[in-house]
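A.B. asks: Chain by chain, the residues run as shown.
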Amino acid sequence: MELNTTSNGNIQIISVKGSLDALTAPELADALATQLREGHTQLVADLAELEYTSSAGLRVLLNSVKEARNHDGDLRLAAVQPNVEKVLKLSGFMSIMKSFESVDAAVASFAG
Amino acid sequence: MFRALRLKQEPVKVAPEPKPLTIDEWMGDAQFPLGIRTINALPHDAKQRFYRTLIPPALLGRLGINPILWRGSGHAVELFAEPASGKVNLSINNVQDPNDAYFVLELQDNATNGIDLNLIILNDPDAEKFGIDFDAEGKATHWGTITRNLAEEERAMRAGLAPAQVRAGMGFARQVLQQLDVFLALCARQAVSLEPLTYASAWIFEKNGFAYVRGHKLMDDIQREFQPGGTLHAALDGSTPFRQPDAWQTVRGRAWAIQDGILEVIGERWRDLRMIKVVGKHAGVETFPNAKY
Amino acid sequence: MPDNFILTRAAELDALGAFREFIARVCERLQIPNEISFELQLACDEAATNVIRHGYAGMNPGSIMLELRPQRKKIEMVLSDFGHPFEPVETDAPDVNAMLQDQPTTGFGLYFIYRTMDDVQYYSDEQGNHLVLVKELSSK
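Respectively, the protein sequence lines represent chains A, B and C. First residue of the first sequence: 1, per our numbering; consecutive thereafter. First residue of the second sequence: 113, per our numbering; consecutive thereafter. First residue of the third sequence: 406, per our numbering; consecutive thereafter.
In case anyone wonders, no lab produced these hints; they're calculated from the structure. There could be a bad hint or two in this list.
Output of the computed footprint for chain C on chain B, the stretches with three or more beta carbons under 8 Å from beta carbons of chain C [unchecked claim]:
1. 220-231
2. 300-306
3. 326-333
4. 380-390
The model shown is predicted, which means the values in this text are computed figures rather than measured ones. For every residue, glycine included, the Cβ atom is placed at its ideal position computed from N, Cα and C.
With the hints as constraints, model all of the structure from the sequences given.
C.D. replies: What follows is the structure, encoded as structure tokens:
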């Protein structure tokens, strides 16, 4: 898994490439926790190149959504690929997470 | 990760309590799992028929031993399979010197209703013998696992042997392990377990289809740390004859360094490894890919 | 007689990627649809993660053996290990809203296994602990 963080105004965009499982999820957890600790509460996870996630990845996303919302922010998903979407749907995550077609749309959603 | 898990404390019983079997019971259920203790309770000739499957006929042929009579060419097959014992020991000895065994195979019922391979020795009778099994005072070293005869170990290493080998091998390991599969199937057993004495023997058992009950991670750690840049690689400093800088490149080289206690540098020892072979199944474990022996 | 496909790895987290790749490769070779391949990977991942985290507690980890047994209309996936036996029991759907509010609920791992597989069996014997997962190949 590869992580890359960029920013667009106040919004931090974390791009996740590869696979999220029990081995790699802690790295994403650290990256998201660092953003939140530094006061960045408007986060976009760019999942255009995330091919796979297990429940270990979901748990990280869920914890970060919870944390961001506790600080009046949010973690929103962008460009979710079919396999990952399937896992998100199976778990019921789609009902609590905001997901957008593209990073631009996810970024724009924070302006509203 | 899983919140709703039921932990099974008791191992599932797979073999009945050992007791003498009648011929009717034998014939009644071909799936009835037999333990060593059960076979040992049979009359001598009946158990000899059973245990005969453990020695590859080709091995007996190579030594000039009649596969039915178990004698010939100055060698004899000895069977120790006492009634009421859960252990069987089969050996091929020099008739002149009964302590000089070329082949030893010992199986034992274990505490979890499985069968353990306690010991397997395959020595070439024509090869030079090294005194690694007795120290300078003549006390048994248990193949260098309790104490060591350093001078003889060094000689053995230079002659191309692996740790714990008294003589060069006979090259029958694969056949013996195949025969063991046949024996286990005959007993309606599905697996055999063992504790590898050395790194080299663990590698040989891997090649023959064994997986790890304990210590697979240790084998991966050994592989990783013997690579250039690794902690074990750095410890191959020539400080003893068994820690030569190029030892990481071969199974035997690593085995001697491990026999010499090199695992201390990664906070480990060669202990508590346990392997298992499922009858008819090759696990395909390869912790030292493309290894040179 | 169909081929049996076996991959054995130490029970460490880096085995997860190797198992998924292996399932993907076998499924490709057997022309099993991607969707099923993905579900097998997910179920294997969740089960193996559990063995890695808990199965070998208190000892130097042993092996996890993944075996794929293709049959005429289904594929059987068997995960075997030699550690502590744990029986994965079917759970209700985890409640994500409860999770958001830090309320206790079940995890996703087992739920995913039961949701993606058509049959789940578990047993322990002298060959170790075995989780037998069956996936039908015929279209639903």
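A.B. asks: Does each hint hold? Answer for all of them.
C.D. replies: Status of each hint after checking the structure:
1. 220-231: holds (count 3)
2. 300-306: holds (count 3)
3. 326-333: Result for this restraint: holds, n = 7.
4. 380-390: holds (count 5)
Of the numbered hints stated above, none is contradicted by the structure.
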